[in-house]
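Asks: Chain order of the listed sequences is A and B.
Per the numbering used here, residue 4 is the first one in the first sequence, and the count goes up by one each step.
Per the numbering used here, residue 5 is the first one in the second sequence, and the count goes up by one each step.
Derived by calculation from the structure, the hints in this document are not laboratory data.
Where hints are given, some of them may not hold.
Facing chain B, according to a computed beta carbon distance under 10 Å, are these residues of chain A, among others [stated by the list, open to error]:
hint, residue
1, 81
2, 96
3, 110
4, 112
5, 269
6, 271
Here are the computed lysine to any residue pairs in the SDA-like style, where the Cα-Cα straight-line distance is at most 20 Å [said to hold, decoys possible]:
hint, chain 1, residue 1, chain 2, residue 2
7, B, 128, B, 72
8, B, 128, A, 259
9, B, 128, A, 272
10, B, 107, A, 271
11, B, 107, A, 278
12, B, 76, B, 23
13, B, 76, B, 107
14, B, 76, B, 134
15, B, 107, B, 202
16, B, 107, A, 259
17, B, 128, A, 95
18, B, 107, A, 263
19, B, 107, B, 7
20, B, 128, A, 263
Ideal Cβ positions, reconstructed from N, Cα and C, are used throughout, including at glycine.
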Amino acid sequence: MELFAQQILNGLVTGSVYSLVALGLTLIYGTMNVPNFAHGQLFMFGAYLSYALVMRAGVHYWIAMAIAVVTLAIAGAVLERSVFRPLRHAPPLNSMIAALGVMLLLEAVAQNIWGPEFRHTDTPYGGIVSLFGLPVAAHRLILLGAAAASMMALLVFLTRTTAGAAIRATAQNPEAALLVGIDTGRVAMATFAISAALAAVAGALIAPISLVYPAMGTVVTLKAFVIVVLGGMGSVTGALIGGYLLALAESLGGTYVSATYQDLIAFVVLALVFTFRPAGLFKAAV
Amino acid sequence: MHLLPWAALLAAVIVPLLLPNEYYLQILTQGYVFAISACGLNVILGLAGQLSLAHSGFFGIGAYALALLATKAGISFWIGLPAGVALCAVSGYAIGSICLRSKGHYFAIFTMAVGIIIHLVIQKWESLTRGHIGVIGIPGPGPIGPISFDSTLARSYLALFFLVITVLAISRLVRSPVGRTLMAVRESEPLAAAVGVDVMAAKRLAFTISASLAGLAGGLFAGFIGFLGPESANVEMTFNTLLYVMVGGIGSLAGPVAGTFIVYGLSQVLAVLQHYQMIIFGLALVLLILFMPAGLAGAARSLMRQRVSEVKPS
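With the rest of the complex left out, here is chain B (with noise of 0.2 Å):
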């Protein structure tokens, strides 16, 4: 069981250089960056049981930060990619201290709203973000030593650093304390409150770091593509996410990770599903909520379950 991670790894190393052309790499960097996103989404809802809406908000506040800077104070990606990430994180800190205050349906709402509030900003500040047009020429990464970074195959590996850290830190912070008590909070927030919990806290703590997260996932995406629209923080963004998440399986590790893969590399690759995509998107969500609510990894979990106990009865 614990070999799966290492083979995943090994996998993620190797299948690069396997791809055919250019196209399937730039594919599966996008594949990366937005698994971390993914991974952000996770954090706040799987972990802490909050439906945040405002997802693509902070991966468009961690784009237009990295992207900004860049073309307007001609700061290097090295430096704007943490700024981004810090703002995301204290703009995340500080509308979570608002926006948890609201609960269940409201807090969903609210944070639609927060969502919808950030890209109408980024879409009708001309003077700073260029509206529509969008912002072009963003550099990608500079070279790190004797490290360069202009090759899609050298991007692809850096994608996939960020991405093994992320899964790491949070795999970090499930086992840690913290997470427990994160998932004390999603399962009864009065019965948390009671045994000592410090509710917000714990609340708030996710939403900053799923907001960080998302603002790391924007600054990689704006410095890889090299130029940037509004609809990057569009609310679709947050439900294209959301679906990440659900496909793969909310609250576990490498669901995120997998549903992300699934979902964004089949709709990229297969032309029927490009034109039907959003059709077959909707459906899913709702399938998937109504049949598997866990996710692939909640049916891997229930498959592997049921034979153990077809070896063992109790």
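Chain A with its partners taken away, still in its complex shape (with noise of 0.2 Å):
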């Protein structure tokens, strides 16, 4: 039973992290179009941020995520405007190459500043607390709590606010909301930043929890695909839902079933879906 409530503790943990990467990802791909293979890579630039800010600069925890949260929006809303805006009316294959491209770009830069070597972060909250009797470090809690506040904030920002409901609006249809008066650029430029700064927020989260390294963007990508996939493309409620199932099913999967094959889970559930509804989850097949 303890190792049965500590697989679903971990499910959380991971879905946290999964279903902010995904929140960016089916944002992106909702207002632009685009399947932003780099977006794994912006999480992992996340994690370097406060990584290096913690452990270099010596900066305190959540000032570090808050620098990280900010250059990463940055990072995200130049990105937009100097290589997707400008393919914007190009085929689609050729925003997908750039996206590829940005991928290798981003991981091949971290790799050169910070090396392949894992590195550990230190958090504030490195105690064990009793969870009902269960054993949890305390980062984990933090980790749950600061994950689903972001959630609960881009929920209410895209539901509330004016800027929201433009893109939400762009995300419906991008002709339409031109004709009443959105600048549909400034949403894309906007859209890349937040989403981008949810990864950052879900890379600072899990950088005390797990080690980081160059490569830990490209499996959180394809998660996050296969999440967006199943959830819907452009859905936000299925990317949020569907980070903490794919999440649980493999730490139970993983427990109970076979750890050897716990990274296939995913990606065999998605050809499953592909294979029976060739556009995902929640369309009509085509």
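Assembly of the complex is requested from the two constituent chains, each provided in isolation within its own frame, with the hints serving as guidance.
Replies: Written out as structure tokens, the structure reads:
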């Protein structure tokens, strides 16, 4: 029973990260129709920035996270302006290849700056607390809370503010949004900034728990794609719930089915979904 | 203009004799092998317009088929190579039938998942593939009659032979009705379907050819190097191949070959490039797609067109 509870908790922790990353991916896909293969690398940079600030510059954990978030948001906006906006009217193939290029570039840059080693980050919440008799690392609870708070903030922003409404309108119909006076260029830039910021939050939260290394983004991108496909490309609630579901399936499957093939679970699920629903779960098959 | 292919072939025959040492000869041979793989990616990406990210998976299948048949069953290179290609053709046909029902972005994401599944299965199925340790002692090509393939020089000509066959076959394909059908599909699937093209069959054929060529390259790779690890099927290999195709010119005949030689050759020869290789690769991919989406072949074409229009203004 304790093993089961531990695995559920592990699933929720990983799920928080998956959901935060998948939310950014789905926002970009929804508003700009770009599958951003480089999204996991933004997450990886978020983790590295908080590692570098905490471990090498001695900055406080939360301040480090804030700096990482702001930096990544700016980087996201720059990326949109310099790479994806010029390709808006090019064939879809071009923006996909550009995203792959950005992905290779960011990973290589991280490797050149910080090296291929696995890096550990300290947290001010290093202790163990007891949760209903279950020993839990305090940082995991902080992660769960902070991730949930970020997601709530995003949902409130999207549903209760004018800027959020502009993003949702653009996602539903870019031409109509343009017609009613929404600056879709600014929306695209803001969306990129927000999703990069969410990825940075996820990276900074997970850094003290799992190790930070250059390739950590690739797997997460792929998992996020699986989630977004399952939840519906562009769907916010789908990404949110899908992230937790996939992580729980992985941690329980890894414990009770096969640890060797744990990483395969997500991709097999994706292949199965596409086999029977070639356009994803929540869109009519073409 | 028609002299160019012959000049290239002549150069390809002479250059190996002039290379100063084995190391360069080995790079050249690898270059031929990767060029075959790039030509394969170009069939599905350049001709049919589908971004398949499962390409290195098929490279891995072809390589492991030859390696395991040789080391576990004692089957020779000359049987293992076509067997690997056949396996890739069959699995390419089957996987293509499923993946190609998804379109555009979905196809890219689906094939990426397939590529990762193939890589993970190769890596984790230790009883068959020996996992991370890899397969060692893969025999190279045995002699055919009086011709022995033990020297690096002979192997480089063998790889060249397969590359020339590949390029000739693709050039025949491009000029055939099937090739035109593929290009119609690339330009607009609904339009192609409206004039009676069986879009699915066309794309599936391109995918099968592409997978088979990846398998051929994989088999040659395994036989020439003599050992094989799961990283040969890594998705990163697909990205490298994608860069070769993009640099040379997507959809053009000679582009992928030229692109492979420029990118792979430079990355092996220049030590500076080795350190910053992936930074340059990634940046090159982004800059190419932004400013030169048709690659070197496209740039050459538009340069030629400019000159023609300078001579006789229309």
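Asks: Tell me if the interface restraint on residue 271 of chain A is satisfied: Cβ within less than 10 Å of some Cβ in chain B.
Replies: With a minimum Cβ separation of about 7 Å from chain B (threshold 10 Å), the hint on residue 271 of chain A holds.
Asks: Regarding the pair residue 76 of chain B and residue 23 of chain B, is the alpha-carbon distance no greater than 20 Å?
Replies: 36 Å, violated
Asks: Using 10 Å as the Cβ threshold, decide whether residue 269 of chain A counts as touching chain B.
Replies: At about 8 Å, which falls below the 10 Å cut-off, the nearest Cβ of chain B leaves the hint on residue 269 of chain A intact, so it holds.
Asks: Are residue 76 of chain B and residue 107 of chain B close enough, with their CA atoms no more than 20 Å apart?
Replies: At roughly 39 Å apart (the allowed maximum being 20 Å), residue 107 of chain B and residue 76 of chain B break the hint.
Asks: Need the status of pair residue 107 of chain B, residue 278 of chain A: alpha-carbon distance at most 20 Å?
Replies: Between residue 107 of chain B and residue 278 of chain A the Cα gap is close to 12 Å, so the pair holds against 20 Å.
Asks: Taking only the CA atoms, is the gap from residue 128 of chain B to residue 263 of chain A under or equal to 20 Å?
Replies: Within the cut-off at roughly 7 Å; holds.
Asks: Just to be careful, I want the Cα atoms of residue 107 of chain B and residue 271 of chain A compared with a cutoff of 20 Å; is the pair within it?
Replies: 19 Å, holds
Asks: Holds or violated: is there a CB of chain B closer than 10 Å to the CB of residue 81 of chain A?
Replies: Violated, about 13 Å.
Asks: Measure nothing beyond the straight line between the CA atoms of residue 128 of chain B and residue 95 of chain A; if it is 20 Å or shorter, mark the hint as holding.
Replies: 34 Å, violated
Asks: For a C-alpha distance cap of 20 Å, please report whether residue 76 of chain B and residue 134 of chain B respect it.
Replies: Holds. Residue 76 of chain B to residue 134 of chain B sits at ~12 Å (cutoff 20 Å).
Asks: Once the shortest beta carbon distance from residue 110 of chain A to chain B is found, is it less than 10 Å?
Replies: Holds, about 7 Å.
Asks: Under the criterion that the straight-line Cα-Cα distance not exceed 20 Å, is the pair residue 107 of chain B, residue 259 of chain A satisfied?
Replies: 35 Å, violated
Checked against the numbered hints above, the structure violates hints 1, 12, 13, 16, 17, 18, 19; every other hint is satisfied.
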